[in-house]
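Undergrad: Given next are the chains, with one letter for each unit.
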Amino acid sequence: MSPRDWKADEDLLRLFQTIGRASLLCDIQDSHSGNMAVKVRNAAGVEEMAITATGSQKGDLDAGQICFLSAGGTDYGYYKASSETDIHQRVLALPGVRASMHAHTKDLTIVTLDDAPKPSPVPDFVPVDPLGRAYLGDHVHVDWFAVPSGSAEMADLIPRRLAGHPATIIQNHGTFARARTLGEAFFLLGVADASGRVVRQAQKLGVDVGALRGRIASDPAAHFPRLPGPYEIEDDGLCDFPEETELLAEFRKAGARIFESRLSPFHTGTMSVRGVRDILYAPKASLPREIGGPLRRLPMASAPSDSAELAVHKAIYAETDFQTVMHVWLPEAEAHSRFRYPGEEGESDKIVPLDAEGGFLYLVIPVLPAEAGEEEIIRNLFDYKIAVVRGGGVWAAGTQSLSEVLHHPSSLREICLYRLGAFERGLDLRKMEPKKAARW
Amino acid sequence: MSDPSFGIHGKILEIDLSAGYVRVRPLDPSLTADYLGGRGLATRLFYEAVDPASDPLGAENVVVLAPSPLIGTSAPTAARGHMVFKSPLTGFLGTSNSGGGWAWSFKATGYDALVVKGRASSPVWIDITPEKVDVLPAGRMWGKDIHALTDELTTGFEPAARPRVLGIGPAGENLVRFAAVANDRNRVYGRCGPGAVWGAKNLKAVRAAGRMKTRVHDKERYQSGYEQAMHLIRQAPVTKRLLREMGTAGLVELINVIGMLPGRNFQDCTHRDEDLEAVSGETIAKTILERAAGCYLCPIGCQRHTRVGGKGEQAEAGEGPEYETVVLMGPVCDIYDLEAITRANYRANELGLDTISFGSTVACAMELAERGLIPPAELAGLELRFGRAAVLERLAVETAFRRGAGALLADGSFRLAERYGRPDLSMSVKRLEIPAYDPRASFTQALGYMTSPSGACHLRGGYAVSLAFFGGWKEIPRFSLLQSPIAIRNMQNHGILQDSLGVCRFTGYAFGSEPWSRMLAGATGLDFSVARLEEISNRVAALERLFNLEAGAGKLDDALPPRFAETPIIVAGEERAVSVEIQERMRRDYYEVRGWDAEGRPRPDLLGRLRIAGRRP
Amino acid sequence: MVVKVKFFSAFREVFGTRERDYVIPDGARARALIEAMADQPERRAALLRGSNLHPHLVLLVGGEALSSRGGLEAELRDGDVLAVFPMLGGG
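Protein chains in written order, with this note's numbering: chain D, 1 to 440; chain P, 1 to 617; chain X, 1 to 91.
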């Protein structure tokens, strides 16, 4: 590469690099796919668009692979700007939008495939999980394009779709999201892919997703009584307890594990450690190593401004001796909460481990109804240390440490994957489950 | 409510050595529900029976021993007993736990607790079978060491009917304030000086032999907890293999690397690697270890059966040393001579001395002597200074018999240091000597020593290092002021649960409360949910505190010796001390977490919630 | 840079020494050191299970648990001392 002064400054490069690497870690890209674009104001005060070069490896971007486009001229860097530059440019022109990102959200892409002769209208994607409902809405458009990559049709339709929705799906290709920050765009894509994963796994488990969508549509509030609050973009750098160096390291370690092991999509979920009068709280628990998130010190007493999730953390501490609490949106558990045993009535109220490891750690893991209150969650945490709330994520509690409480959702994910695999192979789960599990 | 006889027999055996009566009274079933057994039940029965102002070495002190509802089932390690008394070393609650099979044999005689009051006019021993209870003269046993006593009382029985003996050696008879009570020869109720309480009562031994079964109410429920527990014990590396291979002294080099291994009466934590290697678990395994073994019903097996002195005349076999013994008799005295430590350990076992308090008291004497504070004449010709391995065995014997320089040591390090005008040189909390983890290397451990009801004890106070370094997934910060109070409360509570179940601390390396909850509920048919168990632990902690307050403890007793605030050590490149301010903050927060007021008194609403009726004035 | 590794317990036999200096690239993370140490199948088996650290290991850097410094991703400095223990318990 020729030595020249690339325009991307260190902060911008780092932003693209870290989000690029994180998107690979959570498997919503292939080695070269996707692209990211943000609005930046240059030294002269002019707004420019910075966009990743076409075909660049998002995990290993260098300064030369970030291209700058502005009304005054285009600096393509060493490479050519993304083939989808036009799309991004129009998306960034939408009011309030400062970031645009495209990724190969494989699970979501798979569940929106169809084999109908084209062209034909494609049905919207309807999320059945709480994160999808909270951040993507009750439907996401899916569009078929004759040329589903960098085409004029796409440059026309996608910005129009994104004018009314945070994300839109290109059939057979992936998802575009627009946001106030690149972090938020990545967050939306993570949520979108997880939403697809819930549907995909539910389908594999034999859940009648169409019927489930019908039930949700008839009374959404009853299915998701405790949705997470709006995504915050201002607070990522906040740390209220820099002096607690050991605890900070524990938060970062657990947060990275949640993200990398896909226990909850990027910047979702919450975790806390209790102090005497206050709690240390991570409102965005899923934290890739290189990307921060807020770490707050909050009073233990409940406050009207507490989010729905924070209120549960505080209630658990008020009623128990637990020292750590974690709440994650584990797609595997959400899909499992809709499982019905063949020939049996109703959704199962427990997840029974089939594997030896899971079975010894937990005879069963309770699945509580969506309307389960704090009292019911707490009672189950006493007896099981972990509980799934249908449409409400996974709660876990520990007596000592974050790494202790982390173990529960991490085990649960494996338990769900083993069950799913056995079911896919046509095995009879009832026959494989220990008899005593039926009574615990 | 199910049949109350599941898990328990429903009977308390009470013996008054002054009045000479033996009586059996029913165990109120609500006590099992509220206090479980072991430490919880014993604390409650002790609290009811004793005057908190009583002289620990007087007739009015009361000793309570209790097995648990799980003892007599197959539950792993469930054979441990718990003893509660007023401590002659601390003047506060004496509370001590031991492995060995005596508690199992006692339970099999058909009782759930033994309460011993009064004082015999001459030495006695007690013989308990399901058929009868005898208080018999022990004149000819008086003076015997624990091994000889055990042999005398257990010979002539078929192996299957062999009774188990709990008794004291010369140290207890001579009222050494840190004398132990032992069973199965080398398993001891070591801390807080129970041996002296027995000695003061003229009680030499309690023998138990029975075959009565503990009935299990719901076998399937019990079994589900049992299977889970056994699987996790076999799977966790510490319980599966490492304790058997290395014993607890496997920790020596690790604790040194984390900067926590005390030396020279806690003056610093620096040692030469090669010195420590000479007393490490690995060296023990390679040189003196004959075999590892486990306590009754224990699948873990940390016991060290050893032999020193080769094949010659000086050869002898015995048990130990384990980690605390190695460090307190070793590096804390600047001694790195494994054979000397092991021989002194053998003497301590036979004569009935707590090795932690003994080692620390020797170190305290060494520091006093080096500083010229003990007139040489009072040392009876003994040249006492750090590093003199030759003195260890001799001092163990002399201490047990209160002879020579041992007479100075027999009342523990605090009274020794006080006698020579420097009580600050006693490394103790509430006059109980600190075990082998320097509190400056972990705030959490420091707070555990400060707030343990029995004084500085890692088993009652909470064993912070285990979670920080060995438990793997339960790592907790060492220096977090925020997390320490709750972390230590939770560890102490889990310890109360284990002591009340009659099970070993080391099961905690494999699992927490949930399998116990199922085993216990299955055994008794009672509601022992995890929430219930948590409540029981909080209840026992509050009751222990009440006793200590009534016995005169105040918040200034919940403090470390000045050395730990004033003299820093280096941990991971940083100077660390536990300043008075840090102690004050942690203590305040701990009281608050416990539901106690600023003076450390359980608040009335807490006592109400826990249904603890305070003592009537 | 040079990192000194001290072996304890059974690791002394596996590595045939009490301590050894490893030269790894400047700024390398713990993973690079572990890879350098895993130069024989037996040593690899003692250190790693799959691509993660073996759960039976206790690794301390300057008296601090490696796990709390980020495990395999922990950043090392020239002159660091890594102590390798089996997981232990007791006391």
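Hints are supplied without guarantee of correctness; some may be wrong.
[Said to hold, decoys possible] Chain P residues, not near chain D, derived (Cβ > 10 Å throughout): (1) N202; (2) R307; (3) R478; (4) P485; (5) V530; (6) Q583; (7) E592.
[Unchecked claim] With a cut-off of at most 30 Å between alpha-carbon atoms, the simulated BS3-like pairs for lysine-lysine come out as follows: (8) P/K286 x P/K213; (9) P/K213 x D/K435; (10) D/K204 x D/K431; (11) P/K219 x P/K117; (12) P/K219 x P/K11; (13) D/K435 x P/K219; (14) P/K132 x D/K431; (15) D/K118 x D/K39; (16) P/K240 x D/K435; (17) X/K4 x P/K286.
Just so you know, these hints were derived from the structure itself, not from any lab.
Glycine is no exception: its CB is placed at the ideal position from the N, C-alpha and C atoms.
Undergrad: Each hint: holds or not?
TA: We went through each hint and held it up to the structure:
The claim that P/N202 is not at the interface with chain D holds, since no C-beta of that chain comes within 10 Å of its own (minimum 43 Å). No beta-carbon of chain D is positioned within 10 Å of the beta-carbon of P/R307; the least distance is around 39 Å. At roughly 7 Å from the closest C-beta of chain D, the C-beta of P/R478 falls inside 10 Å, breaking its exclusion from the interface. Non-interface status of P/P485 relative to chain D is broken: a Cβ of that chain comes within 10 Å, the nearest being about 6 Å off.
The beta carbon of P/V530 is not kept farther than 10 Å from every beta carbon of chain D, the shortest such distance being approximately 5 Å. The beta carbon of P/Q583 is kept farther than 10 Å from every beta carbon of chain D, the shortest such distance being approximately 15 Å. Not every beta carbon of chain D lies more than 10 Å from that of P/E592, the smallest distance being close to 5 Å; the non-interface claim is violated. The straight-line distance between the Cα atoms of P/K286 and P/K213 is roughly 41 Å, outside the 30 Å bound, and the hint therefore fails.
The suggested pairing of P/K213 with D/K435 holds, with an alpha-carbon distance near 28 Å, which does not exceed 30 Å. For the proposed pair D/K204 and D/K431, the alpha carbon gap of about 19 Å is at most 30 Å, so the pair holds. For a cut-off of 30 Å, the pair hint linking P/K219 to P/K117 is broken: about 38 Å separates their Cα positions. Proximity of P/K219 to P/K11 is assessed by CA-CA distance (about 23 Å); at most 30 Å being required, the pair is judged to hold.
Under the criterion of a C-alpha separation no larger than 30 Å, the hint pairing D/K435 with P/K219 is consistent with the structure, at around 14 Å. At roughly 53 Å between alpha-carbon atoms, P/K132 and D/K431 are farther apart than 30 Å, so this suggested pair is violated. For the suggested pair D/K118 and D/K39, the alpha carbons sit about 36 Å apart, so the restraint of at most 30 Å is broken. The hinted pair formed by P/K240 and D/K435 meets the criterion: a straight-line CA distance of about 28 Å does not exceed 30 Å.
A C-alpha spacing of about 26 Å is found between X/K4 and P/K286, which places the hinted pair at or below 30 Å, so the restraint holds.
Consistency note: the structure conflicts with the earlier hints numbered 3, 4, 5, 7, 8, 11, 14, 15.
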